[in-house]
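Participant: Sequence:
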Amino acid sequence: MTKDFSKYQAIIDEFSGTVTAEDFESRFNEATVKLPKSDRFLVKMEVKRLATPCTRLIDLRGHVDGECRPYVHENRTHYLDDIAIRAFEDTLELYGGYTLAVYEAVMNTENNFRVMYHREKDQLSGTVPPSPAPKAKVFEKTQYPAELLRFGPYFNRKEERMNFAIPLIVELPDGKEIEVSSSDISVHGCKFRYSGKHKITMRHVLIVRFTGLENDFQFGKNSHYRYQVKNIQLVDNVQLVGLERVPDSDVKRDGFRQFLAGFIQGNKRRYKINLDNTISALHSRCIEQFVLPKSNELPIFIEDTDDGILPRYVLTCHNNQGTFQYWQDESRHSTLNYLVTPERLLRIKKHASKHSPLLVYSFVHDSNGKAYFYTADSIQLEDDDVFRMHFFGFAANKASFAVHQLYTLPLDESYAESPLTLANSLAKRDQHLNQPITEDVLLSISNLSMLVIAQRIDSPEIIDFYKGFNFDDINTNKLKNFGHKRLAEPLAIDDVGINFNNQRQEPRFKYKTPLAVSSEGVQWQGISEDFSTSGLKVELEKPCVLTRGNIINVSFMQLQKITSSFDLNELPYEVMRVSKDKTVLHLRVYVEKHKHIGRSFFKALIEKNRDKLTPDEYAMFSPGLAKALRNIYSRSLQTISVVVQTSGSRYKYETIATNDDESPLLRQCKRISDRVHHFNLYPVLSHLKATNFFNESLKKMQPEDTSIDETLYISINPENDIVEQAVNTKLGSDLQSDMFKKMFIKNALKRGEFYCIQMKLSRTDDPDMKYLNPELSYISAYAIHRGKQIEQDIWSVVGVVQLIDVTHEALNRYQLMANDM
4 MTKDFSKYQA IIDEFSGTVT AEDFESRFNE ATVKLPKSDR FLVKMEVKRL ATPCTRLIDL
64 RGHVDGECRP YVHENRTHYL DDIAIRAFED TLELYGGYTL AVYEAVMNTE NNFRVMYHRE
124 KDQLSGTVPP SPAPKAKVFE KTQYPAELLR FGPYFNRKEE RMNFAIPLIV ELPDGKEIEV
184 SSSDISVHGC KFRYSGKHKI TMRHVLIVRF TGLENDFQFG KNSHYRYQVK NIQLVDNVQL
244 VGLERVPDSD VKRDGFRQFL AGFIQGNKRR YKINLDNTIS ALHSRCIEQF VLPKSNELPI
304 FIEDTDDGIL PRYVLTCHNN QGTFQYWQDE SRHSTLNYLV TPERLLRIKK HASKHSPLLV
364 YSFVHDSNGK AYFYTADSIQ LEDDDVFRMH FFGFAANKAS FAVHQLYTLP LDESYAESPL
424 TLANSLAKRD QHLNQPITED VLLSISNLSM LVIAQRIDSP EIIDFYKGFN FDDINTNKLK
484 NFGHKRLAEP LAIDDVGINF NNQRQEPRFK YKTPLAVSSE GVQWQGISED FSTSGLKVEL
544 EKPCVLTRGN IINVSFMQLQ KITSSFDLNE LPYEVMRVSK DKTVLHLRVY VEKHKHIGRS
604 FFKALIEKNR DKLTPDEYAM FSPGLAKALR NIYSRSLQTI SVVVQTSGSR YKYETIATND
664 DESPLLRQCK RISDRVHHFN LYPVLSHLKA TNFFNESLKK MQPEDTSIDE TLYISINPEN
724 DIVEQAVNTK LGSDLQSDMF KKMFIKNALK RGEFYCIQMK LSRTDDPDMK YLNPELSYIS
784 AYAIHRGKQI EQDIWSVVGV VQLIDVTHEA LNRYQLMAND M
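Using the working numbering, you'd call the opening residue of the sequence shown number 4 and step up by one each time.
Don't read these hints as lab results, they were simulated from the structure. Heads up, a few of these hints could be off.
[To be verified] When the alpha-carbon atoms are kept at most 20 Å apart in a straight line, the in silico PhoX-like pairs for lysine-lysine are as follows:
#: 1; residue 1: Lys611; residue 2: Lys515
#: 2; residue 1: Lys202; residue 2: Lys233
#: 3; residue 1: Lys144; residue 2: Lys655
#: 4; residue 1: Lys373; residue 2: Lys483
#: 5; residue 1: Lys655; residue 2: Lys673
[Unchecked claim] Each pair of labels, with its calculated beta carbon distance range:
#: 6; residue 1: Gln146; residue 2: Lys483; range: 47 to 57 Å
#: 7; residue 1: Asn437; residue 2: Pro250; range: 26 to 36 Å
#: 8; residue 1: Phe44; residue 2: Asp664; range: 51 to 61 Å
#: 9; residue 1: Asn437; residue 2: Arg256; range: 26 to 36 Å
#: 10; residue 1: Ile235; residue 2: Lys488; range: 35 to 45 Å
#: 11; residue 1: Ser452; residue 2: Met205; range: 28 to 38 Å
#: 12; residue 1: Phe44; residue 2: Gln705; range: 21 to 31 Å
#: 13; residue 1: Pro176; residue 2: Thr308; range: 47 to 57 Å
#: 14; residue 1: Lys275; residue 2: Ile210; range: 22 to 32 Å
#: 15; residue 1: Ser452; residue 2: Asp85; range: 49 to 59 Å
#: 16; residue 1: Ile235; residue 2: Gln705; range: 20 to 30 Å
In this text, a Cβ means the ideal position worked out from N, Cα and C, and glycines have one as well.
My request is simple: use the sequences and hints to build the entire structure.
Facilitator: So this is what it looks like as structure tokens:
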């Protein structure tokens, strides 16, 4: 007998595609607690049946009112019409694979002749009243809920708090007494809940009696203790009042403090330590380890010097190396001072008040082996329309054409600190993870005045657009004004790596072997000091004339004798640092088109001889600088990142990472969300072609791969609360011509707001658990289930999608600024 599940359809829809989730049983039982046991069992079986993998081929030719065509999925060919394809893809996305639910959704579309026959038969017999045909889309998913995580500040408590609810009597400053209940206590503080009408004000001193303890313990004559109000939170019309003990100056021995210390120590496993701040900090630190090393933007730290305002440090990672290397001359010296000039910095600050970045267009002209940089920003070009078009056409037809957008972030030295949240319970073996910033690092960042973010946003779509401008009559004299004069001495800009593995991405090993270094016909003999798969430290017999950025060739004579599988002659390396006496070189493998033979050889050497090799504990020249700069950047981060996690066989996008939850796009995502404190990512995830492309790409990507891109054009009507009507999202490839893009932007601005977003997907690396373990172990000691859940969440992260907002460039490109509409 077939059970009619129509009255339970809402429950079935709610748990569609979640059977493999770890919390399925508990969530299902909670949602069906009021159902009869027999019905609950049958509904669960139905949910599981729909999630059963399916291998049936579908051929709808002659069975639907539509034109069928071959549709290939996982190397199997089905014959479907457009409506069936949409039903197939919608349900497939929901279930994460081809299941019986997908099969049945496709076989029951509204244009299926069998469905149409039964509907007409029922209407004629009067079984059901005639009704308009429902939408062909089987599941109209309009909510993609996500929580937001901030990177800091991480508040470290002075002492442990214990969750402990007991009655208290609190005397207010006006003498009135109120009865409340505590939520947690510590040796020097407590927190209570209060829902009454009496006003409680910050910094007021209150008298507190612990009446819930007086029944079991004797406190002597004085059982009234003074506390000062330190914070007040309002949650669901209930005040959470945080207090700090005011010590009695005339009491030499504080017996109550000693009592609380012993009471908490003896009962903290029974009543549980309050872990809220540690759990919150650990969640953010975990996501920070995944997001920052996959950044597609280049953070540039500006320093005030005697020579003016100049770039001093940049944070680099695999994804933004292309941007950093673009701004290097033929000698590999940085030319970021051409991108971020003092005059341009003033324009960036001025633009910041308009909440829009400054666009910079550039190209590089090679002459006699030397690189000459030309840059022009949108403000410099706005007064001469004719030359602007000529410049765009001329620059875009250069192979080196690039478009960057610049904006500033707050730079606060206090952001450099990021303490662990373990009160005074950090183990000695982990003390090195929580060291304060050293004086030399403080000195290094003391003159930094600004943090500039450079995002390279040119794409084939953008380049092709600008190539369309004619430049036959370009004014070459005006063009020369945008060229930059080469510096006599290279600029000192240090690139500091974004990584969380003790400043090194891989271990180095001490090993001495003879070698020869050659460059431009000159050769130096030397010996290796240490090596890794990606780097080498060399000591030369005589001083060299090499400088940072030089590409040299290294030959390993002795090592060549012990291997015939690798050619160890003339291997290219890049000079990263040279000692003052010019005899010690720090090198990094230089890879142009093919894999580096030296990297493969040293990897094999390490794997076969790891027990024999001695690790080198050498730290970078300024310990802690990378961590300090990284903390400053993460605390100020405004770019939105969406974290991708595995959930059974599916991917889920349920975490947003940014410190700017007031961005225009996120405000709209919050407005259309049906859950409190959540954001609805419908504008960026509802386009199934884009999400399916990302999901399939993620399965094939490796952590060392560069990001892959898609561009979204988004229209949002802020006056409409019906999500699918308020939001319209198109891929850049859907709008196949500039005219279609222009029409989309124009219509979007008429109906409300327009956004153009570059989505950049990266596969994440494994986290550095040594840095996370102290807080994770602390949580697990008092709440093992929470610790296990957090650890599962950590290892479920597989990717990051960074959302680069290029709305201003799109509007500027088509000259459709909102105030002109």
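Participant: If a hint holds in the structure, say so; if it doesn't, say that too.
Facilitator: Right, here's what the structure says about each hint:
no. : hint                           : result
1   : Lys611 with Lys515             : 17 Å, holds
2   : Lys202 with Lys233             : 15 Å, holds
3   : Lys144 with Lys655             : 14 Å, holds
4   : Lys373 with Lys483             : 16 Å, holds
5   : Lys655 with Lys673             : 18 Å, holds
6   : Gln146 with Lys483: 47 to 57 Å : 56 Å, holds
7   : Asn437 with Pro250: 26 to 36 Å : 27 Å, holds
8   : Phe44 with Asp664: 51 to 61 Å  : 43 Å, violated
9   : Asn437 with Arg256: 26 to 36 Å : 32 Å, holds
10  : Ile235 with Lys488: 35 to 45 Å : 59 Å, violated
11  : Ser452 with Met205: 28 to 38 Å : 34 Å, holds
12  : Phe44 with Gln705: 21 to 31 Å  : 44 Å, violated
13  : Pro176 with Thr308: 47 to 57 Å : 54 Å, holds
14  : Lys275 with Ile210: 22 to 32 Å : 28 Å, holds
15  : Ser452 with Asp85: 49 to 59 Å  : 58 Å, holds
16  : Ile235 with Gln705: 20 to 30 Å : 50 Å, violated
When each numbered hint is compared with the structure, violations occur for hints 8, 10, 12, 16.
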